[in-house]
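Asks: Work the whole structure out from these sequences, hints included.
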Amino acid sequence: DAGITQSPRHKVTETGTPVTLRCHQTENHRYMYWYRQDPGHGLRLIHYSYGVKDTDKGEVSDGYSVSRSKTEDFLLTLESATSSQTSVYFCAMGQGNEQFFGPGTRLTVL
Amino acid sequence: AQSVTQPDIHITVSEGASLELRCNYSYGATPYLFWYVQSPGQGLQLLLKYFSGDTLVQGIKGFEAEFKRSQSSFNLRKPSVHWSDAAEYFCAVYGSSNTGKLIFGQGTTLQVKP
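Same order as they appear, the protein sequences are chains A and B.
Those letters in the first sequence? Residues 107 to 216, per my numbering, in order.
Those letters in the second sequence? Residues 8 to 121, per my numbering, in order.
These aren't lab readings, by the way, just hints derived from the structure by calculation.
A hint or two may mislead.
[To be verified] Per label pair, the in silico range of CB-to-CB distance:
#, chain 1, residue 1, chain 2, residue 2, range
1, A, K159, B, G23, 47 to 57 Å
2, A, S186, B, D61, 49 to 59 Å
3, B, T116, A, E165, 19 to 29 Å
[Stated by the list, open to error] Listing some non-contacts, in silico: residues in chain B with all C-beta distances to chain A over 12 Å:
#, residue
4, I18
5, E22
6, E73
7, Q78
Positions of the beta carbon are idealized from the N, C-alpha and C atoms, including for glycine.
Replies: Dropping the structure here:
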């Protein structure tokens, strides 16, 4: 969806380093989500936000933190990246019962 | 707990043939169900959704899905597949009344033979 972007689109980093992924939306949606996609697992929810400064954990939140200081931005931080966090990360925005997804960030942790 | 199962990891069909992708869900109340498609290197695009009412729902790109409560299923169908339909397909259920969280199946990869 054109109203939601992610940066960077690709990143390679080393084990132990912190990494921050950014999601930006222009649709003023209240809800935003971070998922990771891994083969055989579909998409799994990491964290989500239901408003500025309001966030909660998803099913795979260990090792991740998030922040939302503005409606349009939702940041995902890997505090100390591990190889198990190599994945494709998708951000989504939602209102009501529908979500719209960003293009994804491919993260490789060496 | 809510869950979604897509029994077929990989399906291959010939171009022009019909397609059915299976999805089974576990959810205590009336589910809100979705099908998304992901083309290689792309994000997810919503194909169709079911909230209530008519159990046969029409989506984009000629896809349809039928909700069958008795079978806890929401199978996706297309009468004639095109080569451009080759992609990964995800079924999802809306897992919470307050947060909009989606629970996804594992995905089915569709390959289309010429």
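Asks: At 12 Å, judged by beta carbons, does B:E73 keep clear of chain A as stated?
Replies: holds (19 Å)
Asks: Please settle this one: B:E22 was flagged as non-interface, so is its CB more than 12 Å from every CB on chain A?
Replies: holds (26 Å)
Asks: For B:I18, is the shortest CB-to-CB distance to chain A above 12 Å, so the non-interface label stands?
Replies: At about 16 Å from chain A, B:I18 clears the 12 Å cut-off, so the statement holds.
Asks: The output says B:Q78 does not contact chain A. Does that hold with a beta carbon cutoff of 12 Å?
Replies: holds (21 Å)
Asks: Has the hinted range 49 to 59 Å been met by the Cβ atoms of A:S186 and B:D61?
Replies: Check passed, 50 Å falls within 49 to 59 Å.
Asks: Look at the Cβ atoms of B:T116 and A:E165 and judge whether their distance stays inside 19 to 29 Å.
Replies: holds (23 Å)
Asks: Please test the hint of 47 to 57 Å on the beta carbon pair from A:K159 and B:G23.
Replies: holds (53 Å)
Checked against the numbered hints above, the structure breaks none of them.
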